[in-house]
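**Student:** Sequence:
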Amino acid sequence: MSSTTLTDPVSPSEVSGQRPLFVDMDDTLLEGDTLWESLAVMVRRNPKGLFAVAASLPKGRVAFKQAVARNVDVTLEDFKVNEGVLSFIQEAGAHRPVILATAAHEQIARRIADDTGVFQDVIATTDGKNLKSGNKLVAIQDYLKAHEMGPAFDYIGDCGADRPIWAAAGRAHVCAGSDAQAADIAGIVPVEKSFHREAPSARHFIKAMRPHQWVKNFLIFLPVILAHEIFNFDKVLPAIVAFIAFSLTASATYMWNDILDIQADRAHAKKCKRPFAASLIPIPLGVAFSLALIAFSCLITLIFCPPATVLVILGYIAITLSYSLDLKRRLMLDVIVLGVLYGYRIMLGGVATGIAVSSWLIGFSVFFFFGLALVKRYTEIEKKPPGEDGRIAGRAYYSSDREVVGVIGIVASFISVLVMALYITSPTVAVLYSRPEPLWTVCLVLIYWISRVWMLTHRGHMPDDPIVFALKDKVSIMCGIVCAVAVAAAL
Numbered sequence: 051m052s053s054t055t056l057t058d059p060v061s062p063s064e065v066s067g068q069r070p071l072f073v074d075m076d077d078t079l080l081e082g083d084t085l086w087e088s089l090a091v092m093v094r095r096n097p098k099g100l101f102a103v104a105a106s107l108p109k110g111r112v113a114f115k116q117a118v119a120r121n122v123d124v125t126l127e128d129f130k131v132n133e134g135v136l137s138f139i140q141e142a143g144a145h146r147p148v149i150l151a152t153a154a155h156e157q158i159a160r161r162i163a164d165d166t167g168v169f170q171d172v173i174a175t176t177d178g179k180n181l182k183s184g185n186k187l188v189a190i191q192d193y194l195k196a197h198e199m200g201p202a203f204d205y206i207g208d209c210g211a212d213r214p215i216w217a218a219a220g221r222a223h224v225c226a227g228s229d230a231q232a233a234d235i236a237g238i239v240p241v242e243k244s245f246h247r248e249a250p251s252a253r254h255f256i257k258a259m260r261p262h263q264w265v266k267n268f269l270i271f272l273p274v275i276l277a278h279e280i281f282n283f284d285k286v287l288p289a290i291v292a293f294i295a296f297s298l299t300a301s302a303t304y305m306w307n308d309i310l311d312i313q314a315d316r317a318h319a320k321k322c323k324r325p326f327a328a329s330l331i332p333i334p335l336g337v338a339f340s341l342a343l344i345a346f347s348c349l350i351t352l353i354f355c356p357p358a359t360v361l362v363i364l365g366y367i368a369i370t371l372s373y374s375l376d377l378k379r380r381l382m383l384d385v386i387v388l389g390v391l392y393g394y395r396i397m398l399g400g401v402a403t404g405i406a407v408s409s410w411l412i413g414f415s416v417f418f419f420f421g422l423a424l425v426k427r428y429t430e431i432e433k434k435p436p437g438e439d440g441r442i443a444g445r446a447y448y449s450s451d452r453e454v455v456g457v458i459g460i461v462a463s464f465i466s467v468l469v470m471a472l473y474i475t476s477p478t479v480a481v482l483y484s485r486p487e488p489l490w491t492v493c494l495v496l497i498y499w500i501s502r503v504w505m506l507t508h509r510g511h512m513p514d515d516p517i518v519f520a521l522k523d524k525v526s527i528m529c530g531i532v533c534a535v536a537v538a539a540a541l
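Note that the sequence shown covers residues 51 to 541 in my numbering.
In short, the hints are calculated from the structure, not lab data. It is possible that part of the hints are untrue.
What the hints assert, rightly or not - Simulated restraints on C-beta separations:
1. Val525 <-> Ala345: 33 to 43 Å
2. Leu381 <-> Leu100: 38 to 48 Å
3. Ala252 <-> Ser409: 37 to 47 Å
4. Val479 <-> Lys320: 41 to 51 Å
5. Leu381 <-> Asp123: 46 to 56 Å
6. Pro357 <-> Ala217: 50 to 60 Å
7. Ile412 <-> Ile531: 24 to 34 Å
8. Ile531 <-> Ser409: 38 to 48 Å
9. Ala202 <-> Ala345: 50 to 60 Å
10. Ala252 <-> Leu381: 37 to 47 Å
11. Ala406 <-> Ala249: 41 to 51 Å
No experiment lies behind these values; they were computed from the predicted model shown. Glycine included, every Cβ here is placed at the ideal spot set by N, Cα and C.
Could you build all of it, start to finish, from the sequences and the hints given here?
**Tutor:** Now the structure itself:
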């Protein structure tokens, strides 16, 4: 989001004459921390660099910053600029020297400075010294002496570590996360100008968790429902716990995916509003929160569910990480994994409740969810603008692949109806249902619903996730009710 001033606008030409202006970079010029965002870019673009970063950890923070900077090539486009601060220093550059002064590594700082085109020079962390707080003040004072600028200067910063610098300047330019923070600084030195940056809040974390996606996790209850154990508390309780644990785990993986996709999301019309892409949640805080979600999920699962349930949840984490880091860019393998992840919820429900998932349900879910995964990919191919070579950004598909994807998806979807029909005629049904005939209604509803979904998809009316669509669409809900009545009539 663009920053807005909290105090009356002050023109740089009216402030301080020729006093040089030193500008912090992280959480000031840029809305985020370049160290952690660069690390996320490195994991995506150069995962081998993680070995160098891991080796640097025992050597301290400077070595860590150096390892990240040397293993990733970032530009200004990879970060979110605080437009209010940028506009201010652009105007200030016409009246006085503007110098970037940051604790970020010099290699990254100079690239950002070059891309902005407003800085006369850069003071940053080198391989020998971390330019934080007091070290930055000493570097600024040394710079002023070396360039014979005199002792007076102004500084734009964002946090408590900058207080010694503001005290030496005699006044502050603050990029504050709240009015209270700006007022706190004003209690130490006069505040010439204050820029706003939104602080993390519970609302941002809830949004990052994507609770609307939890509706897909109701598939966990399917084994209980189909086994006619819905009124058995000993089966329902572990299913409920598995639902909660899996939902929180899925939310953690959504957050990891958003961190890894932070640069791509910023270029997306809708995804740019996600909390990480909008720099509303610091990456370290987001990672810590996601790990806490997983720890809590594993804890309640161990208490209320069979131990194997935890292994299934950990397996889900491994699959989703593999998908985020690599598999999502593999032709057709990506949609197979998506289909598996839908069916994975059914398997989790079976493991958590101790109910064996029938081969019929597995066969149906393989084709049904593979078809829905292709709906998702078809929609993405249709809506995402292709590159110059016709390829969809971040995917292994070209815009010309849309019709083929549609054909494969339609065939897979209707094979699931065939599996359902074979199931209805199998001896298994006679054991569970006294009157199997009404179950044929389910087949008819599936034929109608699948046909409608693909028609809407072809017309460009399908949202990103067909499962979420089905749970919100009135026609789909009615189809579900008809199927439920048919199953009840067959009992």
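**Student:** Each hint should be assessed against the structure and marked as holding or not.
**Tutor:** Outcome of the hint check:
no., hint, in the structure
1, Val525 <-> Ala345: 33 to 43 Å, "holds, 41 Å"
2, Leu381 <-> Leu100: 38 to 48 Å, "violated, 26 Å"
3, Ala252 <-> Ser409: 37 to 47 Å, "holds, 44 Å"
4, Val479 <-> Lys320: 41 to 51 Å, "holds, 44 Å"
5, Leu381 <-> Asp123: 46 to 56 Å, "violated, 27 Å"
6, Pro357 <-> Ala217: 50 to 60 Å, "holds, 57 Å"
7, Ile412 <-> Ile531: 24 to 34 Å, "holds, 25 Å"
8, Ile531 <-> Ser409: 38 to 48 Å, "violated, 28 Å"
9, Ala202 <-> Ala345: 50 to 60 Å, "holds, 51 Å"
10, Ala252 <-> Leu381: 37 to 47 Å, "holds, 40 Å"
11, Ala406 <-> Ala249: 41 to 51 Å, "holds, 50 Å"
In summary, the structure is inconsistent with hints 2, 5 and 8 from the numbered list given earlier, while agreeing with the others.
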